[in-house]
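Trainee: Protein chains in written order, with the numbering used here: chain A, 1 to 298; chain B, 1 to 432.
Note that these hints are calculated values from the structure, not bench results. Virtual Cβ for every residue (Gly too), placed ideally from N, Cα, C. Any given hint might turn out to be false.
Among the chain B residues that face chain A by a calculated CB cut under 7 Å, a handful are [stated by the list, open to error]:
id, residue
1, Thr47
2, Ala103
3, Asn105
4, Gln107
5, Gln108
6, Ala180
7, Leu387
8, Asp411
9, Leu429
If you want the footprint, here are the derived chain B segments under chain A, 3+ residues with CB under 8 Å [stated by the list, open to error]:
id, stretch
10, 240 to 248
11, 315 to 323
12, 347 to 357
One-letter residues, chain by chain:
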Amino acid sequence: MNEATAAAPRSKRRTNSAYPSWFYLPAAIIYAALFLFPTLASLFFSLTRWTLFDATFIGFDNFVQFFREPFLVKGLVNTLIYAVMTSGLKVVLGFLLAVLLTSQIMARGYLRSVLFFPVLVSTVGVGITFTVMMHPTTGVINETLGLFGIKGPGWLTDPNLALFSVALVDVWKGVGLATVIYIAGIVSIPQEYYEASRIDGANAWDNFWNITLPLAKPATVTVIILSLIGGLRSFDLIWAMTKGGPGFTSDVIASVIYKQYQAGFYGLSTAGNVVLFIMVAIIIIPLSGFLNRQGDGA
Amino acid sequence: MRSRSTFTLLGGFAAGLMLSASFVGTAMAQDVTLSFLVDNTDASTVTVAQALADAFTAKNPGVAIEVETRPGGGEGDNIVKTRLATGEMADVFLYNAGSLFQAINPQQNLMPLTAEPFEANVIDTFQKTVTAGGDVYGVPFATAMGGGVMYNKKIYADLGLTVPKTWDEFMANNEKIKAAGKVAVIQSFADTWTSQLFVLGDFYNVLASEPDFPEKYTGNQAKYATDAAAIKGFERQEAVFKAGYLNEDFAAAKFDDAIRMLATGEGAHYPMLTFAAGSVVTNYPENQADVGFFALPGDDAAHNGLTAWMPSSLYIPKTTEHADQAKAFLAFVASTEGCDVQTAAVGATGPYMIKDCTLPADVPAVVADLLPYFQRDGGTAPALEFLSPIKGPALEQITVEVGSGIRSAADGAALYDEDVKKQAQQLGLAGW
């Protein structure tokens, strides 16, 4: 905060800023109180055995304990599977849907809004609805399959399937946003390219592969990064649908952390959050740099 | 101009504060409204809480009681701990006795009730489970329970079965029930907490063969994975799954589904705490007489007894502003009058932990099966969570895994030992 107020007059002199220094104060106070302080506090509490009532300093024991958690490895693997799977499907489906929805089809505006609608619905509501629909014996999905003589699986109760079922629902809910980003990317491609390629005798596949796909790259970068971050820290849908179950089979890092918090291991779960923060940073920062470099090069 | 408008704003704000303060002031002078937080795991809990609140207000017109509900299980633990830590706890709240009580830091958060005259009405066995550092902090709400097997008496009569006294007899019954085309054992893993009974309810049998298990367990000397008696609960849960005795939708069924299956005779056995009798009586009154209860059998028919659960307890947080009224309410609950109000609200659900409380002659079938254990010498033993402060929070997920064949019994027991270790460290116990 001090730094912010001290830096302001200098920058005012240098850039002849339109704002006096006090103008920055409210934002600086909010930033310090709501972001800076909690971040530092959580770093501190992650080094303690904390009961909410008092905290005992125990060094890095929480981190040692966190990495010894028997469900942690499973949670880590699940988190990665979940993030890569949802992100990949959103890229592929979002792109194809965007191509469809930028073409000259009937009721385009209506179809676009229908696709976007799930994004607006509350995640927990979606989770509860799909939990009912995916019930192994009385759910509408398996009852429909039953009409065709297929015995549907326990979507959320089969330990090998639960995580994938949740990931599919996540894709259903999130693909609308990916599509909208892609639509914006695709419509910003100048029509001249397509006209030129038509003169050169290119077919639709050539257009798609050589013009739309490469020129929509900034959109792809945005979609990958947004959905990967979303997938890595995903919690609400998983918690609403399986609570990490059956047993620990669909646990992700965030649900492991939440369960530790519920159990009253406050220091341990704070340490878990620090680990999650570092993990997301380690994956996203280089990836973002890489993708953006690629994007600039194209 | 700007400064004047700021001043007006501040002045208005201050006036608003004073106004609201004066409203609160007048409200306190005349009437007191106590907030009363209970869990909604079972419908009868809220019914009993409301009945007690109404009866108390009828006797004390100046004190209104507002019943608030919270979820049960891990989510509920979280709410209770957070509200205590932030000083936002209700004036009176309901929470478990035993190990969960120890985990909410009673000496720091709760008002000691040792010196209150109404504590003299509370049975000693219960007082021990709400005592920390020499002080008593709670009074019992509702009745003691048994953890064992609720069973459908009609199926037993139709198939000519008798109540099993050993585990082998129980499994033999299961085989016959399965052969007759019925569900032998109902499980409801969508409500994960319901999965723990094979392990927790077996504790009478553990204690029968190893009377010093609780001390050793608390002292980091006895482990579930390596203790021959303690691991049996996990092994038996695994055996029931492997034999294919479970209902088809065991992984997706909820507590309410299980009660329906049991009451209507779709299934024969449901390992559960006897408080579930309240749900049977409320939701399936016409089937109430069909549902009975027996303790989880062990190896030896000569040592057959019940693992007993103490009732939950009412506590007063130190942060309450209405300590006197809250204590008066607790005194009412801890009286024979309080017991009668509870019985009138939901019927008899088990023995009260208040001295001189009596039960009516016609009790539900589950309770009729439960009471003899309490009346027999050595017929009951408290569950481990009342003898040791440590209960691992992940047990319900582990028993779901063992009970649905995802993890072996030996693995599950070892994993639970790890979980217990974390809890012991969090509680700061010696020797961990």
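Trainee: Compare the structure with each hint and give your call.
Mentor: So, going through the hints one by one against the coordinates:
1. With a cut of 7 Å, the hint placing Thr47 of chain B at the interface with chain A is violated, because the nearest CB-to-CB distance is about 26 Å.
2. The beta carbon of Ala103 of chain B is positioned within 7 Å of a beta carbon in chain A (closest approach about 6 Å), and the interface hint is therefore held.
3. Satisfaction of the interface hint for Asn105 of chain B is found here, the shortest Cβ-Cβ separation to chain A being roughly 5 Å, below the 7 Å cut-off.
4. The beta carbon of Gln107 of chain B is not positioned within 7 Å of any beta carbon in chain A (closest approach about 10 Å), and the interface hint is therefore violated.
5. At about 5 Å, the closest approach between the beta carbon of Gln108 of chain B and any beta carbon in chain A falls short of 7 Å, and the interface hint on this residue holds.
6. Given the 7 Å rule on beta carbons, the hint for Ala180 of chain B is violated: about 21 Å separates it from the nearest Cβ of chain A.
7. Interface restraint check: Leu387 of chain B against chain A, minimum CB-CB distance 20 Å, threshold 7 Å, status violated.
8. Interface hint at Asp411 of chain B: violated, since its Cβ lies 9 Å from the closest Cβ of chain A, which is beyond the 7 Å cut-off.
9. For Leu429 of chain B, the interface hint is violated, the least distance from its beta-carbon to any beta-carbon of chain A being 12 Å, above 7 Å.
10. Against chain A, the stretch 240 to 248 of chain B contributes 1 residues with a C-beta closer than 8 Å to a partner C-beta. That does not satisfy the three-residue criterion, and the hint is violated.
11. Under a criterion of three residues with beta carbons nearer than 8 Å to beta carbons of chain A, the stated coverage of the stretch 315 to 323 of chain B fails, only 0 such residues being counted.
12. Remark: the stretch 347 to 357 of chain B is not confirmed as covered by chain A, as 0 of its residues place a Cβ nearer than 8 Å to a Cβ of that chain, below the required three.
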